[in-house]
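S.K.: Sequence:
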Amino acid sequence: MKAPDQEKAPDIVLRAEGITKIYGGTVALDNVDFNVYRGKVNVLIGENGAGKSTLMKIIAGAETATRGHLLLEGQPVQFKSPREAARAGIGIIYQELNLFPNLSVAENIFLDHEALHRYGMLVDRRRQQTEARRLLQRLEQPIDPQALVGHLRLGQQQIVEIAKALARDVRILIMDEPTSALTTAEVEILFRVIRELKAQGVSIIYISHKLEELLRIGDYVTVLRDSHRIAEAPVSTIDVNWIVEQMIGRSVSETYVHQERTPGQELLRVEHLSLPRPGGGLLLDDVSFQVRAGEIVALYGLLGAGRTELLECLMGLHPEASGSLWIAGQRLRGRHVGERIAEGLVLVPEDRQREGLVPTLSVAQNMVLASLRRYLSGPALSRQKELAAVRRLMGDLGIKAPSPQTLIEALSGGNQQKVVVARGLLTEPRLLLLDEPTRGIDIGAKADLFRLMNRLASEGLGILFVSSELREVMSVADRILVLARGRLTGEFRREEASEEALVAAASAGQGPATGDEEAAHGPVPSGAADPVDRQAQATAPAASALEERRHQPRPRA
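Start counting at 1 in the sequence shown, then tack on 13, and there's your number in our numbering.
You can trust all of the hints, since none of them are fake.
Distance condition first, Cα-Cα at most 25 Å in a straight line; then the derived DSS-like pairs of lysine-lysine: (1) Lys398 with Lys413; (2) Lys223 with Lys413; (3) Lys459 with Lys223; (4) Lys459 with Lys413; (5) Lys223 with Lys211.
Okay, the calculated beta carbon distance ranges per label pair: (6) Gly31 with Val253: 27 to 33 Å; (7) Pro291 with Arg140: 28 to 34 Å; (8) Glu441 with Ala393: 20 to 26 Å; (9) Ser416 with Glu225: 34 to 40 Å; (10) Leu135 with Glu109: 28 to 34 Å; (11) Gly473 with His164: 38 to 44 Å; (12) Asp125 with His271: 43 to 49 Å; (13) Leu389 with Asp239: 38 to 44 Å; (14) Ile243 with Ser416: 24 to 30 Å; (15) Glu441 with Ser416: 23 to 29 Å; (16) Asp252 with Glu512: 16 to 22 Å.
Since the hints were made in silico from the structure, they are not lab data. Built from N, CA and C at the ideal position, the CB exists for glycine as well.
With the hints as extra help, turn the sequences into a complete structure.
M.R.: Take a look at the structure:
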């Protein structure tokens, strides 16, 4: 009898064998094997500090292994620089964006492989801009190729980094947290591009902490834990619980936990907050809401909705804003960041590298920067008090570092993010503002952060946090506010919220804009879907109440 046909074994385009990487006395990778299958999405996952980014840097030529070797198409290779890896067809999108803020979008996309005029050595800027515009249109992003990257928001910079990778002829593309700053709509566009690349035979190495995302897009999963390879499996044979248990030894149900509590008195009141857009129109249009003591409020919306700008206004970063703010019944008069911190507000920014960290300082020094006065003993700092506070929060947040004196740049991206959160908490705020606090944080670290948020809210702290992840918003928050194009379009209690209603509110007004709307709010983001009738009906009561509030007089701050 003829044996039944068996599935053909997948073709390995790149194999890492026995990779070990030692930094001083720290073992970042310990005898790790990793397969990259041709034309597949090869997911690499593990907690922060597990060694994922180090392994990718070795494959991309940014680091060299202490021991072990790489086989490309079965032949041994060793890349001494990213340029050598690029010549071999290996591209990478780094978790921490590798862009030059003083150069244009087109110049960043074609950096190190400029388009030259047919005759001579001069850069053909027109051709670069045309090609950059084509790449951005492929990603459905209306970003001006001539705009300076430093003037773009983080999510737009992430799009530029992706376009930069697509501009090269790659056969292996490494994506390290490519969706960390993207909204749901942008993620769908990226997934479409990934499917196109797979159809062309490109192999993708994909790193992300968004587990459901990995199961949607991935073909094979490799798990790292504590610098070792723990497991490899086809995506078709596993689920989220399997991944979590391989990574951290506990189930996913222990991560997204909401703690029931009764919020107290009103802590923050915002009335008629508006922020003008440079060149005309409004970034924020008549926003009013409240946050109570002991309440966790989520702020949800698409990229460009104004979520970050709203938090910046609360911290006094936009003196041109109008409206009124109250803390615990007292109207805020001070407009500067220091005065807002003194009133009990603190902001953990989305972009930790540019706005949250001093790379030349240690973990402890970064953590206490905003609260040094609390550790004074006479005219001098009490290192004992300082280190006691630092060690306590390192334990609470699960910050992995050899010691508080370790340089911050030696930590993984997720651990750096937790240091920024810890610095905000050491100011002992009354209201904690968190802008995408789980960006780049693994599932175990998210569980630590959510437990801490629940504990702080139970102790009376007010928390307002921005998130692009619907699961986080619906699981952690007591109440959810939705922004669309600078306007509040929905407000939901946790038990009322549904995924459809939140998406509908976030998409409100995202259809074709009239000339007046275009002038007031800027171009409509590409890729936003029109809400269906069922979704629109779900948000109608909240939108109606907000519209009534919008027509009230607007006092200036």
